[in-house]
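*Asks:* Spelled out, the chains give:
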Amino acid sequence: MEESKKLIITVLGHDRVGIIAGISNILARANVNILDISQTILQGFFTMVMVVDFSGSTVELAELKTLLGEKGRELELEISVHHEDIFKFMHRI
Amino acid sequence: MPFSVSKDEILETVHMFQMQNLDIRTITMGINIQDCRENDGKGTGKKIYEKIVRYARDLVKTGEEIEKEYGIPIINKRISLTPLSMVIDGLSCAEVIKTGKYLDKAAIEVGVNFLGGFSALVHKGFTRGDLALIEAIPETLAGTERVCSSVNLATSKAGINMDAIFMMGRIIKQTAELTGDRDGLGCAKLVVFCNAVEDNPFMAGAFHGPGEAESILNIGISGPGVVLNAVKNYPDSDLGELANIIKNTAFKITRTGELVGRVASRRLGVPFGIVDLSLAPTPAIGDSVADILESMGLERAGTHGSTAALAMLNDAVKKGGAMASSYVGGLSGAFIPVSEDAGMIKAVEDGALSIDKLEAMTCVCSVGLDMIAIPGNTAADTIAAIIADEAAIGMINRKTTAVRIIPAPGKKEGEWVEFGGLLGRAPVMKVNQYSAADFIKRKGRIPAPIHALNN
Numbered sequence: 403m404e405e406s407k408k409l410i411i412t413v414l415g416h417d418r419v420g421i422i423a424g425i426s427n428i429l430a431r432a433n434v435n436i437l438d439i440s441q442t443i444l445q446g447f448f449t450m451v452m453v454v455d456f457s458g459s460t461v462e463l464a465e466l467k468t469l470l471g472e473k474g475r476e477l478e479l480e481i482s483v484h485h486e487d488i489f490k491f492m493h494r495i
Numbered sequence: 066m067p068f069s070v071s072k073d074e075i076l077e078t079v080h081m082f083q084m085q086n087l088d089i090r091t092i093t094m095g096i097n098i099q100d101c102r103e104n105d106g107k108g109t110g111k112k113i114y115e116k117i118v119r120y121a122r123d124l125v126k127t128g129e130e131i132e133k134e135y136g137i138p139i140i141n142k143r144i145s146l147t148p149l150s151m152v153i154d155g156l157s158c159a160e161v162i163k164t165g166k167y168l169d170k171a172a173i174e175v176g177v178n179f180l181g182g183f184s185a186l187v188h189k190g191f192t193r194g195d196l197a198l199i200e201a202i203p204e205t206l207a208g209t210e211r212v213c214s215s216v217n218l219a220t221s222k223a224g225i226n227m228d229a230i231f232m233m234g235r236i237i238k239q240t241a242e243l244t245g246d247r248d249g250l251g252c253a254k255l256v257v258f259c260n261a262v263e264d265n266p267f268m269a270g271a272f273h274g275p276g277e278a279e280s281i282l283n284i285g286i287s288g289p290g291v292v293l294n295a296v297k298n299y300p301d302s303d304l305g306e307l308a309n310i311i312k313n314t315a316f317k318i319t320r321t322g323e324l325v326g327r328v329a330s331r332r333l334g335v336p337f338g339i340v341d342l343s344l345a346p347t348p349a350i351g352d353s354v355a356d357i358l359e360s361m362g363l364e365r366a367g368t369h370g371s372t373a374a375l376a377m378l379n380d381a382v383k384k385g386g387a388m389a390s391s392y393v394g395g396l397s398g399a400f401i402p403v404s405e406d407a408g409m410i411k412a413v414e415d416g417a418l419s420i421d422k423l424e425a426m427t428c429v430c431s432v433g434l435d436m437i438a439i440p441g442n443t444a445a446d447t448i449a450a451i452i453a454d455e456a457a458i459g460m461i462n463r464k465t466t467a468v469r470i471i472p473a474p475g476k477k478e479g480e481w482v483e484f485g486g487l488l489g490r491a492p493v494m495k496v497n498q499y500s501a502a503d504f505i506k507r508k509g510r511i512p513a514p515i516h517a518l519n520n
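First to last, the sequence lines map onto chains A and B.
Everything in the first sequence is counted per my numbering, starting at 403 for the first residue and increasing by one.
Everything in the second sequence is counted per my numbering, starting at 66 for the first residue and increasing by one.
This is chain A alone, in the form it adopts within the complex:
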């Protein structure tokens, strides 16, 4: 089993201006490539799922998580980062 370098970033919270800009800015500075974004408003809540490629990242994963966590607190959003394999393992055989 090869370990891939894709991460899933999920964002939950109240919709406001600058969510995608704020997050993609952090990712761009870390040289993390966004492969896919989908967002919806679900029962009044903003939900966004991002698939990103972490292989060219200039920062460690832990630091990226810290940066996103800080941005999350600033924008009052719940941001989580998981490895894509978790989702594949859990939902696909």
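Possibly wrong hints are sitting among the right ones.
[What the hints assert, rightly or not] Derived lysine-lysine pairs resembling DSBU-like cross-links, with alpha carbons at most 30 Å apart:
hint, chain 1, residue 1, chain 2, residue 2
1, B, Lys-384, B, Lys-297
2, A, Lys-408, B, Lys-126
3, B, Lys-126, B, Lys-107
4, B, Lys-133, A, Lys-490
5, A, Lys-467, B, Lys-72
6, A, Lys-490, B, Lys-383
7, B, Lys-126, A, Lys-467
8, A, Lys-407, B, Lys-72
9, B, Lys-464, B, Lys-189
10, A, Lys-490, B, Lys-126
11, A, Lys-473, B, Lys-133
12, B, Lys-384, A, Lys-490
[As the list claims (entries may be wrong)] Chain B side only, calculated, beta carbon under 8 Å to chain A, not exhaustive:
hint, residue
13, Ser-69
14, Tyr-135
15, Ile-137
16, Ile-140
Just so you know, the hints here were simulated from the structure itself, not pulled from any lab data.
C-beta atoms are modelled at their ideal positions from N, C-alpha and C, and glycine is treated no differently.
Position chain B relative to chain A; hints supplied.
*Replies:* For chain B alone, kept in the frame of chain A given last:
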């Protein structure tokens, strides 16, 4: 779309981690120590210490890395050893106590919170090593922080060693008394088994069985909160449909265990053993097996219907989990500890759950009477009789049963014991006031049941 999982599925998984306490309960590294024998307790201890540090140096670090990279909480990293009685055979009790201290040192050195294997397998009889080890249990558990002890007293093939049960009643009392300043905490690190398994990753009963390889990684999953949420979402489903929902949920939970096991195994260069499918509760709100039973429609866990609800839950978890993992093993079933499960504690407080009902429930789940506080003045013979009952259930039903019971020194029924952390807190429960002393004092061996003769 570069990714084949739907958004709903992604959000479902994220919710499991964020809101429903999904985690990997433990990564447990089993290590063979049969090659660690020296002439005395100290020398043997040193050799075991060196081997543990050599093998498990990166265990905690690797666990933490996986936790960070994958975003899966991994709560405990632990070590299980070959039952120590097999290694120290021929040494005196005082020497074995010295060896035990090195186990504690090794656990602290590599950063694991518990280390199992201060154990003996005596289901048919004692070696001198077994006797020395058992006698060393109270002082070892009082004098160490992280060492866990277990004794296998019975199997479906060999019957029940009543001599050992008689002895363990006294050992449990002594262990409680030596740790009386901590509500008898030593007993929380001591479990007696019928049909103990060799690849159990959960404490206090983990040991690296003699049939195991040199070293192996076993994974214990968790997830009562996830199952609870799934059951709550279907208040009108009949029990057949509900079983199916639990199966699907158990599958998903187990897959995270399978993933972590494979990744950890590769990174540590240690073969992946098994995933243990047990639903292991924690004192956290919502992470409770009792809550699942109540969400199925029982007013309180422990009332009539609890055994049936638990049987269905336990079976559905196994069926879902078995599909999700390449190798399933360990105890694999719902745990029903009292002190570690907020819903169980409440059920006892409200008078809904008694030891007798817990005993009935252990017939249909793993593992047994777990983390139960009883009055400090309970007689050793009574504790032995409680163990004998559990061992009989295990022996006849060909399943693992266990007893981890704490006769809390100085405490009476209705008072509380406090252990803190994952071990939690528990109300002292009532035991039957009538004596079984004359029965227990007969000792000897209860023969294996007729269905053991299946060759």
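*Asks:* Now look at each hint and say whether the structure bears it out.
*Replies:* We went through each hint and held it up to the structure:
1. B/Lys-384 <-> B/Lys-297: Given that 30 Å is the threshold and the Cα spacing comes to 20 Å, the pair holds.
2. A/Lys-408 <-> B/Lys-126: Within the cut-off at roughly 22 Å; holds.
3. B/Lys-126 <-> B/Lys-107: Distance ~28 Å between B/Lys-126 and B/Lys-107 Cα, so the pair holds.
4. B/Lys-133 <-> A/Lys-490: Within the cut-off at roughly 18 Å; holds.
5. A/Lys-467 <-> B/Lys-72: holds, 21 Å
6. A/Lys-490 <-> B/Lys-383: Holds, because 21 Å separates the two Cα atoms, which is no more than 30 Å.
7. B/Lys-126 <-> A/Lys-467: holds, 18 Å
8. A/Lys-407 <-> B/Lys-72: holds, 19 Å
9. B/Lys-464 <-> B/Lys-189: The hint holds at about 17 Å.
10. A/Lys-490 <-> B/Lys-126: holds, 25 Å
11. A/Lys-473 <-> B/Lys-133: Judged against 30 Å, a Cα distance of about 18 Å means the pair holds.
12. B/Lys-384 <-> A/Lys-490: Since the Cα atoms of B/Lys-384 and A/Lys-490 sit roughly 20 Å apart, the hinted pair holds (cutoff 30 Å).
13. Ser-69: The hint holds - B/Ser-69 has a Cβ within 8 Å of chain A, the shortest such distance being about 7 Å.
14. Tyr-135: Constraint on B/Tyr-135 satisfied, holds at 4 Å.
15. Ile-137: The hint holds - B/Ile-137 has a Cβ within 8 Å of chain A, the shortest such distance being about 6 Å.
16. Ile-140: violated, 16 Å
Going down the numbered hints, you'll see the structure goes against just number 16.
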